[in-house]
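Participant: Take a look at the letters that make up each chain.
There are 2 protein chains.
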Amino acid sequence: MTVPLKAIDGNADLEALMTDLAVKARAAARVLALAPPEQKNRALAAIERATRANAPAILAANAEDVAEARAAGITSAFLDRLTLTPARIDGMADGVATVREIADPIGTVTESWRRPNGMTIERVRVPLGVIGVIFESRPNVAADAGVLCLKSGNAVILRGGSDSFRSCRAIHDCLVQGLREAGLPEAAITLVPTRDRTAVGLMLSGLNGGIDVIVPRGGKSLVARVEAEARVPVFAHLEGVNHVYVDASADLDMAKSIVLNAKMRRTGVCGAAETLLVDRAAATSLKPLVEMLLDAGCEVRGDDAVQKVDARVKPASDEDWDTEYLDAVIAARVVDGVDDAIAHIHDHGSHHTDSIVAENARTAEKFLSEVDSAIVLHNASTQFADGGEFGFGAEIGIATGKFHARGPVGAEQLTSFKYRVHGTGQTRP
Amino acid sequence: MTVPLKAIDGNADLEALMTDLAVKARAAARVLALAPPEQKNRALAAIERATRANAPAILAANAEDVAEARAAGITSAFLDRLTLTPARIDGMADGVATVREIADPIGTVTESWRRPNGMTIERVRVPLGVIGVIFESRPNVAADAGVLCLKSGNAVILRGGSDSFRSCRAIHDCLVQGLREAGLPEAAITLVPTRDRTAVGLMLSGLNGGIDVIVPRGGKSLVARVEAEARVPVFAHLEGVNHVYVDASADLDMAKSIVLNAKMRRTGVCGAAETLLVDRAAATSLKPLVEMLLDAGCEVRGDDAVQKVDARVKPASDEDWDTEYLDAVIAARVVDGVDDAIAHIHDHGSHHTDSIVAENARTAEKFLSEVDSAIVLHNASTQFADGGEFGFGAEIGIATGKFHARGPVGAEQLTSFKYRVHGTGQTRP
Numbered sequence: 001m002t003v004p005l006k007a008i009d010g011n012a013d014l015e016a017l018m019t020d021l022a023v024k025a026r027a028a029a030r031v032l033a034l035a036p037p038e039q040k041n042r043a044l045a046a047i048e049r050a051t052r053a054n055a056p057a058i059l060a061a062n063a064e065d066v067a068e069a070r071a072a073g074i075t076s077a078f079l080d081r082l083t084l085t086p087a088r089i090d091g092m093a094d095g096v097a098t099v100r101e102i103a104d105p106i107g108t109v110t111e112s113w114r115r116p117n118g119m120t121i122e123r124v125r126v127p128l129g130v131i132g133v134i135f136e137s138r139p140n141v142a143a144d145a146g147v148l149c150l151k152s153g154n155a156v157i158l159r160g161g162s163d164s165f166r167s168c169r170a171i172h173d174c175l176v177q178g179l180r181e182a183g184l185p186e187a188a189i190t191l192v193p194t195r196d197r198t199a200v201g202l203m204l205s206g207l208n209g210g211i212d213v214i215v216p217r218g219g220k221s222l223v224a225r226v227e228a229e230a231r232v233p234v235f236a237h238l239e240g241v242n243h244v245y246v247d248a249s250a251d252l253d254m255a256k257s258i259v260l261n262a263k264m265r266r267t268g269v270c271g272a273a274e275t276l277l278v279d280r281a282a283a284t285s286l287k288p289l290v291e292m293l294l295d296a297g298c299e300v301r302g303d304d305a306v307q308k309v310d311a312r313v314k315p316a317s318d319e320d321w322d323t324e325y326l327d328a329v330i331a332a333r334v335v336d337g338v339d340d341a342i343a344h345i346h347d348h349g350s351h352h353t354d355s356i357v358a359e360n361a362r363t364a365e366k367f368l369s370e371v372d373s374a375i376v377l378h379n380a381s382t383q384f385a386d387g388g389e390f391g392f393g394a395e396i397g398i399a400t401g402k403f404h405a406r407g408p409v410g411a412e413q414l415t416s417f418k419y420r421v422h423g424t425g426q427t428r429p
Numbered sequence: 001m002t003v004p005l006k007a008i009d010g011n012a013d014l015e016a017l018m019t020d021l022a023v024k025a026r027a028a029a030r031v032l033a034l035a036p037p038e039q040k041n042r043a044l045a046a047i048e049r050a051t052r053a054n055a056p057a058i059l060a061a062n063a064e065d066v067a068e069a070r071a072a073g074i075t076s077a078f079l080d081r082l083t084l085t086p087a088r089i090d091g092m093a094d095g096v097a098t099v100r101e102i103a104d105p106i107g108t109v110t111e112s113w114r115r116p117n118g119m120t121i122e123r124v125r126v127p128l129g130v131i132g133v134i135f136e137s138r139p140n141v142a143a144d145a146g147v148l149c150l151k152s153g154n155a156v157i158l159r160g161g162s163d164s165f166r167s168c169r170a171i172h173d174c175l176v177q178g179l180r181e182a183g184l185p186e187a188a189i190t191l192v193p194t195r196d197r198t199a200v201g202l203m204l205s206g207l208n209g210g211i212d213v214i215v216p217r218g219g220k221s222l223v224a225r226v227e228a229e230a231r232v233p234v235f236a237h238l239e240g241v242n243h244v245y246v247d248a249s250a251d252l253d254m255a256k257s258i259v260l261n262a263k264m265r266r267t268g269v270c271g272a273a274e275t276l277l278v279d280r281a282a283a284t285s286l287k288p289l290v291e292m293l294l295d296a297g298c299e300v301r302g303d304d305a306v307q308k309v310d311a312r313v314k315p316a317s318d319e320d321w322d323t324e325y326l327d328a329v330i331a332a333r334v335v336d337g338v339d340d341a342i343a344h345i346h347d348h349g350s351h352h353t354d355s356i357v358a359e360n361a362r363t364a365e366k367f368l369s370e371v372d373s374a375i376v377l378h379n380a381s382t383q384f385a386d387g388g389e390f391g392f393g394a395e396i397g398i399a400t401g402k403f404h405a406r407g408p409v410g411a412e413q414l415t416s417f418k419y420r421v422h423g424t425g426q427t428r429p
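Going down the list, the sequences are from chains L and G.
Numbering of the first sequence is given in the UniProt record's numbering, commencing with residue 1 and proceeding in unit increments.
Numbering of the second sequence is given in the UniProt record's numbering, commencing with residue 1 and proceeding in unit increments.
This is chain L alone, in the form it adopts within the complex:
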């Protein structure tokens, strides 16, 4: 890789470059779709080795990115996401090993049946094709997304944040080395070789059928732009305004531990709870739940009923019910039973992850049926919204749409299928 850091001159040149990348990725996708599991796993093993062996080069490239970003005066949260450490590179390599170990989804027969005329019909998993991944400052996404696409037989075009360009390039070198060692086409994992931001818009156009799906990884503004502009399908969630509803039938100790975990385990993840709904009939539970959150350092913004239980509660505004804080802040209100909780979630939720704490099984089933979210939980924390926690081994993100992938998007969700029919000369009457 000797591509210079400067932007390629002019949009016409960039468009030609991107189209060419997509054509090569499409050709690589055809090869990858037919690659046996062992060959893909050989590539994954080589990528893991290369990542560990090239850690010094990755760290050096990252140090340049970090120095440039620091000079530009970026925020400390951004700097934290951008910065790689030996431990983070180890984690990246461990992630590659995990993906190698998960089951290969391609070629799996998910259903098969015999027709009265003797034909057998099989539904077989095949890759989607070429996946475009657009991410921001975290350079490790290049490895995470790259290897998950490889495992699922898809070619991928990676477009990292401009600020992490050198780091991504160093990681990408390891990915390409692994592909090469396994005899797979290098274009199977392509990194957009320019920092020119116009490349993002070109990817969102679909590059004339060159990209089949876009996966954005980053903040809300990136996802919103992708959802608004993409002319191809998008696997994404804009936000996770997730709710925990504590029913009158809830066990208070269980409710406390679930609410605390859902909100405070990690406040910055998309599965974190942002709103607490407490059944009016659970009046005695309200105060201990609110005080527990306040004592744990969580700001509570409540309706009138919640404000009454503790002077530290701040009044909630209308916007609070629609806000994803990603911070130690929670909106809290009292609702009139499970129906009112469902109605609140319908009006304010983001179809991501919602949980009910209840001992009454019928109430719980009603909540699980009627709440229209990718993940609905009964007596468990919303923080389980994660491909690893679901047993998928790895995920490329979480989707809240209803098309194709929904919830944690793992290797299986990155596949399509075909119908394979075996006959003995059947013709249609």
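Simulated from the structure, these hints should not be mistaken for lab results.
Treat each hint with caution, since some may be false.
Note that identical chains are pooled: a pair holds if it fits in a single copy or bridges any two copies.
Said to hold, decoys possible - Dumping the calculated EDC-like pairs for lysine to aspartate or glutamate here, alpha-carbon to alpha-carbon at most 20 Å: (1) 287 to 64; (2) 287 to 251; (3) 366 to 80; (4) 24 to 347.
Knowing the structure of chain L, use the given hints to seat chain G on it.
Facilitator: Okay, now just chain G, sitting in the frame of chain L:
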């Protein structure tokens, strides 16, 4: 239904009307998503009864449409598609009964597993939401599509051809009567109550999130427009340029019966074969296959080798390899074995349905693996590309894309899923 036939004045009014329809359809979709199978089946039974009982009214409305179309000087093929007969109305009612009898997909647990921490995770089928169906002259699509969406728990907005407006309205009256009798919201099956063609563009815009997916039913120009303009997912196939490849290992008698059926059983269906590929090593088979087609009244457009076997063969032009004739015409050429056949299909196919006739199982498996089409068949006719023939009971169409639905789109393919998690107080470490 007392909406006048004239177009609603002005696009602003039409946009308001369509947005209002979509809002009501969305509300109906929420009710329908939770309706028990028995209630939906009661509606289907009532729709069947109403369709049979109202046959005279449907025929009268259709006669008006036909008279108007005839006066406008439309083609006889169009007239045939537009015209309803007592037998066609019976067929429509039988179709409703078939859909009532298929398994209800909603609520089905397609996978479930237990995590090491004791949580159980279930993947449960849920409806997609609001489906927009845009169709042309065949008024029976209103019934076929309406009841399949109902069965799969989706609300539907139907937009029929302007020429079949009165017929669709009469059929829609039966659908609404069935919904009403079963206590389901009438907006669950909505007919766009205007002939104004601007309505199509508004549907393609997605009506501000009011429509989740568009299914076009009609000719290539309609599908092309929908695929180009839709801002929501589309389940469709643009065309079926389907191939039959006759391998050197094929049984000649079987090849003859499959080729004849694939091309000539019905030439106007999307599963009809359009191109015959014959292995160069099957030299003795070429002449009998070509003569059989010619003798059956099929025009054959061949490459040099095919032209040599019979004087009636016309020369194929470059465009022939990419043409969906939907008529008694076939393009035919000789290829160098299965690899060349696969390469030809890659260059010229439409990812719809392709078949290999071969006794060599390894050759067949290679073809089935490498041909990137929704349906690939071994020793069976391409005319089996049909939801009914697959055992789905009914289909809303056939999709060639790789997202969500692929191949025949039946009730199951009109669903999404959610993850339902049951815990006993689990929190994430």
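Participant: Could you run down the list of hints and mark each one as holding or not?
Facilitator: Evaluated hints:
1. Taking the shortest alpha-carbon separations for residue 287 and residue 64, neither the intra-copy value of 51 Å nor the inter-copy value of 70 Å comes in at or below 20 Å.
2. For the identical chains of this complex, residue 287 and residue 251 are intra-copy neighbours only, at 14 Å inside a copy versus 80 Å across copies, given an alpha-carbon limit of 20 Å.
3. Proximity of residue 366 and residue 80 under a CA criterion of 20 Å is satisfied in neither setting, with 42 Å inside one chain copy and 49 Å between copies.
4. Taking CA atoms no more than 20 Å apart as the test, residue 24 paired with residue 347 passes between copies only; the shortest distance there is 16 Å, against 45 Å inside one copy.
Checked against the numbered hints above, the structure breaks hints 1, 3 and satisfies the rest.
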